[in-house]
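Enquirer: Sequence:
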Amino acid sequence: MKKGIELLATGSALPAKVVTNEDLRRLVDTSDEWIVKRTGIRERRHCVGENQFSLAAGAAQAALERSGVDPARVAACIVTTICADNISPSCACLLQRALGLPEQTVCFDLNGACAGFVYGLQVISGLLTEDRPYGILVSSETLSRLSDFTDRSTCVLFGDGAGAAVVGLCDSPYGLCGDFGSRSNREVLYIPSATASEPSYIHMEGQAVFKFAVDIIPRCIDRVLQQAGLTMDGVDLVVMHQANARIIDHVAKHLKLPPEKCFKNIARYGNMSSACIPIALDDLYREGRLSAGMRLLPVGFGGGLTWGGALLEVGDIK
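Quick note: the sequence shown uses this note's numbering, first residue 50, plus one each step.
No wet-lab data here; the hints were simulated from the structure.
Just so you know, these numbers come straight off a predicted model, no measurement behind them.
Every residue, glycine too, gets a C-beta built ideally from N, C-alpha and C.
Mixed in with the good hints there might be a few duds.
Derived DEER-like restraints, expressed as beta-carbon distance ranges [as the list claims (entries may be wrong)]: (1) P241 - G337: 27 to 35 Å; (2) K302 - N234: 20 to 28 Å; (3) F198 - P222: 26 to 34 Å; (4) P151 - E82: 33 to 41 Å; (5) G175 - R272: 40 to 48 Å; (6) D264 - D119: 41 to 49 Å; (7) V85 - D220: 39 to 47 Å.
Computed cross-link-like contacts, DSS-like style, restricted to lysine-lysine with a CA-CA straight-line distance of at most 25 Å [to be verified]: (8) K51 - K305; (9) K260 - K313; (10) K302 - K313; (11) K260 - K86; (12) K86 - K305.
All chains, full assembly: derive it from the sequences and hints.
Expert: Printed below as a string of structure tokens:
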């Protein structure tokens with residue numbers, strides 16, 4: 050039997066402010082019909098009193114409490130984000146104290162853009178030990194801070210939120226099955242730094258990202274299945290990054306996935322970068338759709354251009 054990781058608990062935290070398509074229509078030349086037709090998004094959340102750390106802490110605390118795991122047995126806390134409140138200390142380091150984790154806990158932030166959560170699964174799996182077999186993986190993003198609200202092609206897409214997962218080592222016939230990569234490209238999707246001459250806003254060529262996504266996602270899924278020796282019949286749910294409903298529908302049609310096997314919640318939240326997948330997992334939990342023994346296949350893709358897919362088993366989820 051090989052060592053794998055399993056999902057033990059989920060959590061999420063969302064800003065209180067809901068921003069509808071009608072709200073955005075008052076800011077830019079757009080409409081509810083235009084946004085829904087092209088993206089599938091109807092509303093998203095924006096921070097007002099919250100920030101990237103407070104969302105991360107809320108999601109992580111919910112997942113840890115739900116899991117029943119002793120914080121002393123947590124080996125690592127990783128936060129995936131492109132929106133950290135601080136360059137240093139990292140959000141993960143601040144979570145160490147907030148969650149009551151031991152000082153000898155590996156804590157750092159990871160920037161894998163929208164593939165960050167799946168990258169984090171692969172990274173955290175290598176940090177767990179027999180003595181401390183648990184890890185906390187948090188994805189927290191505040192993309193409203195990086196949005197240009199004069200650019201209708203991007204500002205309608207993004208929202209804020211955080212999702213968290215408590216994972217643990219497990220015996221698995223598949224081991225750690227994943228496919229990861231990067232196709233170096235700065236022009237298609239980028240955010241300048243605070244020290245750059247141009248504003249730190251999201252810049253994106255939507256059609257180029259669409260073509261990248263519908264090409265790489267099926268390839269990534271096929272490679273993960275090949276590693277595991279499974280077919281799609283052996284996977285219970287595919288959880289894709291929620292960038293655009295048209296991307297998800299295109300991939301589902303290509304792979305002949307039935308609707309019940311391909312989760313979508315983009316209409317409620319928009320694109321929250323790396324937070325999309327763990328928030329989707331928490332929504333699935335809240336809807337009673339996760340149970341022990343299920344096999345999940347999360348797939349992320351985004352700036353870099355990065356992608357990542359992995360096989361994630363559901364343990365005795367709380």
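Enquirer: All hints are to be evaluated individually against the structure, with a verdict given for each.
Expert: Now the hints, each set against the structure:
no., hint, result
1, P241 - G337: 27 to 35 Å, "violated (43 Å)"
2, K302 - N234: 20 to 28 Å, "holds (26 Å)"
3, F198 - P222: 26 to 34 Å, "violated (50 Å)"
4, P151 - E82: 33 to 41 Å, "violated (53 Å)"
5, G175 - R272: 40 to 48 Å, "violated (20 Å)"
6, D264 - D119: 41 to 49 Å, "holds (44 Å)"
7, V85 - D220: 39 to 47 Å, "holds (45 Å)"
8, K51 - K305, "violated (30 Å)"
9, K260 - K313, "holds (20 Å)"
10, K302 - K313, "holds (14 Å)"
11, K260 - K86, "holds (18 Å)"
12, K86 - K305, "holds (22 Å)"
Hint check: violations occur at hints 1, 3, 4, 5, 8; the rest are consistent with the structure.
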